[in-house]
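**Student:** Here are the chains, one letter per residue:
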Amino acid sequence: MKSLGSIRRSFSPWTDPAAKPYIVFENVTKKFGDFTAVNNLSLAIYEREFFALLGASGCGKSTLLRMLAGFDEPTSGRILLDGQDLRGIPPYRRPVNMMFQSYALFPHMSVEQNIAFGLKQEGMPKADIDKRVADMLKLVKLEQFAKRKPHQLSGGQRQRVALARSVAKRPKVLLLDEPLGALDKKLREETQFELMDLQQNLGLTFVVVTHDQEEAMTMADRIAILDKGQVMQVATPAEVYEAPVSRFVANFVGNVNMLEGTVAERSEKTATITGASGAQIRVENAGDATAGSTVAFAIRPEKIKVSSRKPDGAANVMEGEIYDLAYLGDMTVYHVRLVDGQVVKASALNSSRITEDPLSWNDKAWISFAPDAGVVLTR
Amino acid sequence: MNATWSRFNIVSIVLGFAFLYLPIVLLIIFSFNESKLVTVWAGFSTKWYGELFRNQSLMDAAWVTARVGVLSATFATILGTMAALALTRYTRFRGRVLFSGMVFAPLVMPEVITGLSLLLLFVAIGLDRGFLTVTLAHITFSMCFVAVVVQSRLMTFDRSLEEAAMDLGATPVKTFFQITLPVILPAVISGWMLAFTLSLDDLVIASFTSGPGATTLPMKIYSQVRLGVTPEINAACTILIGIVATGVIIASLVNKRREVQRLRDEQAANRG
Numbered sequence: 001m002k003s004l005g006s007i008r009r010s011f012s013p014w015t016d017p018a019a020k021p022y023i024v025f026e027n028v029t030k031k032f033g034d035f036t037a038v039n040n041l042s043l044a045i046y047e048r049e050f051f052a053l054l055g056a057s058g059c060g061k062s063t064l065l066r067m068l069a070g071f072d073e074p075t076s077g078r079i080l081l082d083g084q085d086l087r088g089i090p091p092y093r094r095p096v097n098m099m100f101q102s103y104a105l106f107p108h109m110s111v112e113q114n115i116a117f118g119l120k121q122e123g124m125p126k127a128d129i130d131k132r133v134a135d136m137l138k139l140v141k142l143e144q145f146a147k148r149k150p151h152q153l154s155g156g157q158r159q160r161v162a163l164a165r166s167v168a169k170r171p172k173v174l175l176l177d178e179p180l181g182a183l184d185k186k187l188r189e190e191t192q193f194e195l196m197d198l199q200q201n202l203g204l205t206f207v208v209v210t211h212d213q214e215e216a217m218t219m220a221d222r223i224a225i226l227d228k229g230q231v232m233q234v235a236t237p238a239e240v241y242e243a244p245v246s247r248f249v250a251n252f253v254g255n256v257n258m259l260e261g262t263v264a265e266r267s268e269k270t271a272t273i274t275g276a277s278g279a280q281i282r283v284e285n286a287g288d289a290t291a292g293s294t295v296a297f298a299i300r301p302e303k304i305k306v307s308s309r310k311p312d313g314a315a316n317v318m319e320g321e322i323y324d325l326a327y328l329g330d331m332t333v334y335h336v337r338l339v340d341g342q343v344v345k346a347s348a349l350n351s352s353r354i355t356e357d358p359l360s361w362n363d364k365a366w367i368s369f370a371p372d373a374g375v376v377l378t379r
Numbered sequence: 380m381n382a383t384w385s386r387f388n389i390v391s392i393v394l395g396f397a398f399l400y401l402p403i404v405l406l407i408i409f410s411f412n413e414s415k416l417v418t419v420w421a422g423f424s425t426k427w428y429g430e431l432f433r434n435q436s437l438m439d440a441a442w443v444t445a446r447v448g449v450l451s452a453t454f455a456t457i458l459g460t461m462a463a464l465a466l467t468r469y470t471r472f473r474g475r476v477l478f479s480g481m482v483f484a485p486l487v488m489p490e491v492i493t494g495l496s497l498l499l500l501f502v503a504i505g506l507d508r509g510f511l512t513v514t515l516a517h518i519t520f521s522m523c524f525v526a527v528v529v530q531s532r533l534m535t536f537d538r539s540l541e542e543a544a545m546d547l548g549a550t551p552v553k554t555f556f557q558i559t560l561p562v563i564l565p566a567v568i569s570g571w572m573l574a575f576t577l578s579l580d581d582l583v584i585a586s587f588t589s590g591p592g593a594t595t596l597p598m599k600i601y602s603q604v605r606l607g608v609t610p611e612i613n614a615a616c617t618i619l620i621g622i623v624a625t626g627v628i629i630a631s632l633v634n635k636r637r638e639v640q641r642l643r644d645e646q647a648a649n650r651g
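So the sequences go chain by chain: A and B.
Using my numbering, the first residue of the first sequence is number 1, and each one after it goes up by one.
Using my numbering, the first residue of the second sequence is number 380, and each one after it goes up by one.
Next comes chain A alone, as it looks inside the complex:
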């Protein structure tokens, strides 16, 4: 177990130009009648990667998964798996298996029979099937439930059966459609880590579809954020959070404050942004924002400091008053109304038991942040 973190940390084939992607979507478009579910999308997924497709419902993420499984064919473009074009290959001949959102357990078969189903289709000898089924039951800790029918199991147990069934054939790629969607919160958190262990131990490539950003952040090596059938950003969870490429991504993942303004001054690295009310924001790493362009400065609540006295020496200071606050125990969330009327969210970790100068409703307050605490977004 101790090696898990280090394996995951050192795993980054996407940064290696020599690495060959395992699954490639090449300009894939899928239309259902007039509706374009996937729009000219390209994506590369590497072997043994835990890859998450994250997006709101209707963004095309499930369609991508179904095209990979073979239930839908792209209207145009190609999908390659290990260099092989998948077009025209029916689902029952693809080396991928899928875990369905509804689990799709066969109601007339026992747990054992469900797990053995795929192996039987392969024509595996009976003795080998029995052994594999036993291994799978052990893997998902359901040994004593082998003879039960799906309707005699709890939701969590059914989820495990579905998982065991989909990995029993040792597919090259496992597709998971909202794998934890039907579980309650506590079970979901446990299962997240179990899925990560399983993926490491079996050395499989996982492609998981989810609408839950926390789930994607926890489990995935990389996340593709989708909107209207297009990829908005593909990056590691940390990059998606700390360096979103657009307003959409910044808004979609986590909480964010968007300070809109125009670039007043631009030097090689730094820039000054003038907000609507004339407040100046000094930023570093301004990206490709050019002088005079309209941009948003996106900053996460935890990167903003709130204080009751005007802080000295901070690069960016703005005045306001406490509009609302929520004490959550481990942290406090402040909503600060700036002089121009915009409300900025800031959160502070309550790292000591007693706060020296507790802020309260309608108190005068200053927010401050470093020039590199946020990102400048042009899109």
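It is possible that part of the hints are untrue.
Claimed, not checked - Lysine-lysine pairs mimicking PhoX-like chemistry, simulated, CA-CA at most 25 Å apart:
no., chain 1, residue 1, chain 2, residue 2
1, B, 415, A, 131
2, A, 147, B, 553
3, A, 305, A, 31
As the list claims (entries may be wrong) - Sample of chain B residues facing chain A (criterion: CB under 8 Å; computed from the structure):
no., residue
4, 402
5, 473
6, 547
7, 548
8, 558
9, 559
10, 562
The set of hints was computed from the structure by calculation and includes no laboratory data.
Ideal Cβ positions, reconstructed from N, Cα and C, are used throughout, including at glycine.
Keeping the supplied structure of chain A fixed, place chain B upon it in accordance with the hints.
**Tutor:** Just chain B, lined up with the frame of chain A:
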């Protein structure tokens, strides 16, 4: 629901049921009549049942009916299930509405018209009327009933079960026989029962399409009644009623039980 029984409700229920079942009850009672005169009660006896089984022409007709019923129900079930699959699965094909309308039209088509048109068809193609033509005719008109029953089950069938089977390497044919059919089997069986029952008590279409040597039981009874009702016929009818009633009750019970079970399973599955 309001559980109080008003006098009006009781009267209407009694009247309604009397209207429906009094003739049948009378028929059953008189099948146990000692007397040869159908309308005069002369004590209890089962002798007409004995007579019935010694009546060769009636027994022949019963045997024809049984064979027609089993054959036509079986083929109607196969065809009706296929039609139901096509109608629920390929929702986008051209002329689907027309096709589904045409499959279900015989449900409301007057039997006389169905019978007559089938007769014309058989004459036109020069098919001698007999066992084969009755069977074909029964397949034709009972198929749509099977299609309705199976289609209503398929409406609630979770397609991802089939996708999961194919994903695990089962070809479409294997998927159908290992997954789809076992899951919808109760509906298919009750469709078969329905088709068999319909075939068993059909008189109109059979009289149009049957020929010498293929007289079905309802035809035989009808022709005998025209010469005068005998207690023997009452006995035959009582047995028929028994068979039909048993079939219908079993079919609906099986369907109901499976339905309840399935609902419970699916609810539980969704809850999970």
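**Student:** Give a verdict on every hint.
**Tutor:** Each hint, compared with the structure:
| no. | hint | result |
| --- | --- | --- |
| 1 | 415/B <-> 131/A | violated (74 Å) |
| 2 | 147/A <-> 553/B | holds (23 Å) |
| 3 | 305/A <-> 31/A | violated (47 Å) |
| 4 | 402 | violated (44 Å) |
| 5 | 473 | violated (14 Å) |
| 6 | 547 | holds (3 Å) |
| 7 | 548 | holds (4 Å) |
| 8 | 558 | holds (6 Å) |
| 9 | 559 | violated (10 Å) |
| 10 | 562 | holds (6 Å) |
In summary, the structure is inconsistent with hints 1, 3, 4, 5, 9 from the numbered list given earlier, while agreeing with the others.
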